[in-house]
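Residue numbering for the sequence shown follows my numbering, beginning at 1 and increasing consecutively.
Don't take every hint at face value.
Okay, the calculated beta carbon distance ranges per label pair [to be verified]: (1) E83 with D28: 51 to 61 angstroms; (2) L261 with K50: 46 to 56 angstroms; (3) D146 with I29: 20 to 30 angstroms; (4) K156 with T30: 44 to 54 angstroms; (5) A267 with P24: 46 to 56 angstroms; (6) K109 with H200: 32 to 42 angstroms.
Simulated from the structure, these hints should not be mistaken for laboratory data. Bear in mind that the values here come from a model prediction, so they are computed numbers and not experimental data. A virtual CB, placed ideally from N, CA and C, is assigned to each residue, including glycine.
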Amino acid sequence: MILLETRNRIIEEVLFHRFNSPKPEGIDITVADFDGVLFHISNPDGDKTKIRVSISLKFYDDLKEQGGADEFLKSIYGEYLLESAESSYDISIQYQYDSLPEDKAALAKNAAMLKRNCFAAVFHLYFDLQAKGGGQQTTAIVHYRDQETMYVSAHKDRVTVIFSTVFTDDDDIIIGKVFMQEFKEGRRGSQTAPQVLFSHAEPPTELSGTDALTGNNVGYITFVLFPRHFKDATTRDKTIDLIHTFRDYLHYHIKCSKAYLHSRMRARTNTLLKVLNRARPEVKTTEKKTISGRTFARK
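Given the sequences, and given the hints that come with them, work out the whole structure.
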């Protein structure tokens with residue numbers, strides 16, 4: 001299976017090109033990402049020596065209020081983070097062309113991970129909360145898509161992450177269940193993997209008393225993360241990279257599976273049509289002549 005990238009490749013390549021350009025260039029690019037996220041790269045006030053990257057997330061208020069996103073982003077981007085974001089956007093970072101560091105590739109990569117780092121704030125907060133004993137704070141509820149929500153809670157021995165997702169087709173539910181079963185089977189081969197639970201139509205008991213959706217097209221995926229999954233910085237970053245893209249990962253592979261099945265069905269149909277065409281009897285035409293030797297065709 002393909003793992004989705006945690007950074008926006010377009011943002012990274014555009015910034016890397018601009019950072020290494022021999023002279024400042026004008027730029028005005030808008031890029032869409034998963035979960036309704038929008039990036040905007042521009043020159044504020046037309047100043048080509050300044051490159052501003054802004055991001056719009058419909059759910060940023062949830063991350064700010066329940067995950068401390070503002071403080072977390074400040075710790076990562078430092079002086080590059082603007083106190084006032086661009087109009088219609090939630091966060092803006094700005095680079096001065098004349099004072100870029102030597103490692104421009106790392107700078108471009110870090111900017112391209114702006115969406116990931118916004119998500120990471122809530123995970124870092126609850127990982128730290130679990131390390132202190134857990135249970136001291138209510139569940140973080142992030143409405144990351146329309147009618148879809150992420151729940152994060154810390155307990156004494158674990159951190160629970162629950163994704164609610166809406167399946168648009170009945171086929172998606174069936175294929176999604178197959179994927180969830182594969183996750184369960186995969187845990188048998190690796191005892192260090194997190195526990196994965198899937199519930200259909202009804203939310204898990206952890207969400208009792210919340211506004212969690214119910215219905216035949218609603219599914220809930222629960223990840224049970226133990227301290228070994230976020231024991232150090234490297235492990236923590238890897239866990240965040242994998243889990244925050246899970247919803248997009250799941251639906252991406254559901255669509256890929258359906259596309260593959262359809263392509264195989266079309267290929268099989270073409271093969272059967274060729275077989276039927278070969279089995280069709282050929283119509284023999286006999287030449288008829290008159291008594292004088294002339295040929296004629298019946299119309």
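Here is what the structure says about each hint:
1. At about 23 angstroms, the beta-carbon gap between E83 and D28 misses the expected band of 51 to 61 angstroms.
2. For the hinted restraint 46 to 56 angstroms between L261 and K50, the CB-CB distance of approximately 49 angstroms keeps it satisfied.
3. A C-beta distance of roughly 26 angstroms is found between D146 and I29, which places it inside the suggested range of 20 to 30 angstroms.
4. Here the CB-CB span from K156 to T30 is close to 45 angstroms, well matched to the stated 44 to 54 angstroms.
5. A hinted range of 46 to 56 angstroms for the beta carbons of A267 and P24 is consistent with their spacing of about 52 angstroms.
6. At about 38 angstroms, the beta-carbon gap between K109 and H200 stays in the expected band of 32 to 42 angstroms.
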